[in-house]
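K.L.:
As a plain string of letters, each chain reads:
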Amino acid sequence: MFAHYFHLALRSFRRNKAITALMVLAIALGIGACMTTLTVFHVLSGDPVPDRSSRLFHPQLEPRSKSGYVKGEEPPVQLTRFDAEKLLRDRKGDRQAMMTGGQVAVTPQQTNIEPFISNARFTSADMFPLFAMPFQFGRGWSGADDEGHARVAVLSRDLNQRLFAGENSVGRTVRFDKTDFTVIGVLDDWRPTPKFYDMFGARGYGQTEGLYLPFSTAVELKMQRSGSMDCWDADTTGDSTSLNAPCVWIQYWVQLDTPAKKAAYLQYLGNYSDQQRAAGRYQRPTIVKLRNVREWMEFHHVLPSDVTMQMWLALAFLAVCLLNTIGLLLAKFLRRGGEIGVRRALGATRGAIFRQLMMEAGTIGLAGGLLGLGFAWLGLWAVRHQPVDYADLARLDPSMLLLTFLIAIACSLLAGALPAWRAMQITPAVQLKAQ
Amino acid sequence: MLEMQQVTKVYRTELIETHALRSLDLRVNAGEFVAVTGPSGSGKTTFLNIAGLLETYSGGIYKLDGEDVSNLNDNQRSRLRNQKIGFIFQSFNLIPDLNLFDNADVPLRYRGMPSGERRRRIEEALARVGLGSRMKHYPAELSGGQQQRAAIARALAGSPKLLLADEPTGNLDSQMARGVMEMLEEINQQGTTIVMVTHDPELAARAQRNVHIVDGMATDLAMEPALVRPGQPAAARV
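So the protein sequences, as listed, match chains A and B.
Its first residue numbered 31, the first sequence is counted upward by one per residue in the working numbering.
Its first residue numbered 1244, the second sequence is counted upward by one per residue in the working numbering.
Just so you know, these hints were derived from the structure itself, not from any lab.
Where is the CB? At the ideal position from N, CA and C, for every residue including glycine.
Possibly wrong hints are sitting among the right ones.
[Stated by the list, open to error] Selected chain B positions facing chain A (Cβ under 10 Å, derived; list incomplete):
id	residue
1	Leu1297
2	Arg1324
3	Asn1325
[Unchecked claim] Coverage of chain B stretches by chain A, computed from C-beta distances (three or more under 8 Å per stretch; other residues unrestricted):
id	region
4	1257–1263
5	1326–1335
[Claimed, not checked] Here are some chain A residues the structure puts well away from chain B; computed CB gaps all over 10 Å:
id	residue
6	Met31
7	His34
8	Phe71
9	Gln140
10	Glu144
11	Phe146
12	Gly178
13	Arg221
14	Thr238
15	Glu369
16	Gly404
17	Pro417
18	Phe435
19	Leu436
20	Ala440
Go ahead and model the full structure; you've got the sequences and the hints to work with.
P.N.:
This is how it looks when you write it as structure tokens:
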């Protein structure tokens, strides 16, 4: 009967082309607007590390001087190099990594490729397993490489494509700034969105880096770092990236697999802060924070408020489109009282009439979904051409594609339910006499 | 086949009550051809709607093929209607979007019949009414008489025990009306019970029995001797 109802729905559309087209258009416009904003919302509010976002934490300490102290103030969102290196040495988490952004001049060995500047991440060995970064070739470096300031590098898939045409480049040499590095790994596609581990570029929606170098090596070679830095007091060292500089500029992530470990780590951070204050290095009262990835993104207000507002507006627009569709369906179904009366006389139950009409509504939803997909595609194309940080992320993925159809069909069924219910109540005797 | 005892039907609004049927008693035996006559507003159509399970009644007992239908719910009534009753309407009531084959297919689909059997029955029924070559035609492409024959084929395809006809020739000219009437008589002779509501005394006279409804009450009329010549086929009497 399902196929038969579908067949009847198509016949009905042919009979009322104009009204059907109006309904499909109404659903499509609503779905198009809704899916455009929902896709942006989905992309921007997604979980960048779905399997581990609840186990990855960013610690915050309060190393600033008393100057300008406000009680209850949030501690800095980055760590000093001194604190980060100490936490890394103590290794109190299951895994931990310190990192900062950087920029290096890449000089390919191939003479046909001009040198260029690439974004880099100066980090420690655990970053790769910590964030479950996928490797296409090779592997990440080890803790020993960190300690030995090894000249090793991990390339992104894109950079490897640019430098080595996508071949396995493990063991090959590339010059970064003025030093030769050996490639020991090539990442596969990896772009956590939002880029949770560094929220300071492009509001967290920037591209991932082209290459990864050991933090210790980058410091030794005085490679150019990039990103946010916050200093206080006068910097007596003359180098804001030196070990004792009163500046926060290091992002630090730690993996804590159980709530007990999180509690123990918080205790450890508190004790560490107390020790630092006792030693005279910290001056403000101890305040430590430990946020997981979700909490970290919420804290940074990663999702732009205009995106949320647009989504609600689009949902309201979809509701208006649905109301219009309800009206059109009601008119369409009730105008077919004669046919419904005949079908009832010939043995159709009310349920059969309801199913037939709901199939018709669902088919309109399917058609509206298809057209709405086109509108959503156009809408996202428009978003990609807007001067916003997340522009290049605005694309339909398979899950949103499926959701588009599900929403379209659900909306049309919702819109069809009342008209179909009214139509199935039609008294056949009255309709047959009126024919 | 059809037995009504003290059946009443009252339409109620906030202001008035209308008694469409008042203690209607009627029995139609299997294989009979009964004509129901009466003035406009006498309750003929209400009787036919109740007989066809298209309307519920307010009181009394109605047994269809021996089954008391008083307590059946809407689904049960729909199923019973589908299996046992065929309808022929004054205005044919073919579905305009469907061709003759698909129109005849409607009641069989609701019965859940396999497609092969449906096809066989429809082809037989359409051939029987002389429309075997017009299965793919749409109602609008046919004359009134052909449409009514198609409606008869739709009713016949389900092999109903009871055929309810509401002014089946009301919208037809006399020649087409004659053809439709002959077809009903033939169907009756093959064993189908027919109850026909009509205004036309000439058509009513061709039925085996006349029931006159006035003010919602039925009177079984003796047939006019002049119009009935026992042993002669009904079709020959026009």
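K.L.:
Does each hint fit the structure? Answer for all of them.
P.N.:
Going down the list of hints, with the structure as the test:
1. Leu1297: Since chain A brings a Cβ to about 4 Å from Leu1297/B, closer than 10 Å, the hint holds.
2. Arg1324: holds (5 Å)
3. Asn1325: With a minimum Cβ separation of about 2 Å from chain A (threshold 10 Å), the hint on Asn1325/B holds.
4. 1257–1263: violated (count 0)
5. 1326–1335: Check passed, 4 qualifying residues.
6. Met31: violated (7 Å)
7. His34: Given that some Cβ of chain B is not farther than 10 Å from that of His34/A, nearest at about 6 Å, it is violated.
8. Phe71: Non-interface label on Phe71/A holds, nearest chain B Cβ at 43 Å vs cutoff 10 Å.
9. Gln140: Label holds. Min Cβ-Cβ 69 Å, cutoff 10 Å.
10. Glu144: Fine: 69 Å to the nearest Cβ keeps Glu144/A off the interface.
11. Phe146: holds (67 Å)
12. Gly178: holds (79 Å)
13. Arg221: Answer for Arg221/A: holds, closest chain B Cβ roughly 53 Å.
14. Thr238: holds (58 Å)
15. Glu369: violated (5 Å)
16. Gly404: Since the minimum Cβ distance to chain B is about 29 Å, Gly404/A lies beyond 10 Å and the statement holds.
17. Pro417: Holds: least Cβ distance 53 Å, greater than 10 Å.
18. Phe435: At roughly 27 Å from the nearest Cβ of chain B, Phe435/A sits farther out than 10 Å, so the non-interface label holds.
19. Leu436: holds (29 Å)
20. Ala440: holds (27 Å)
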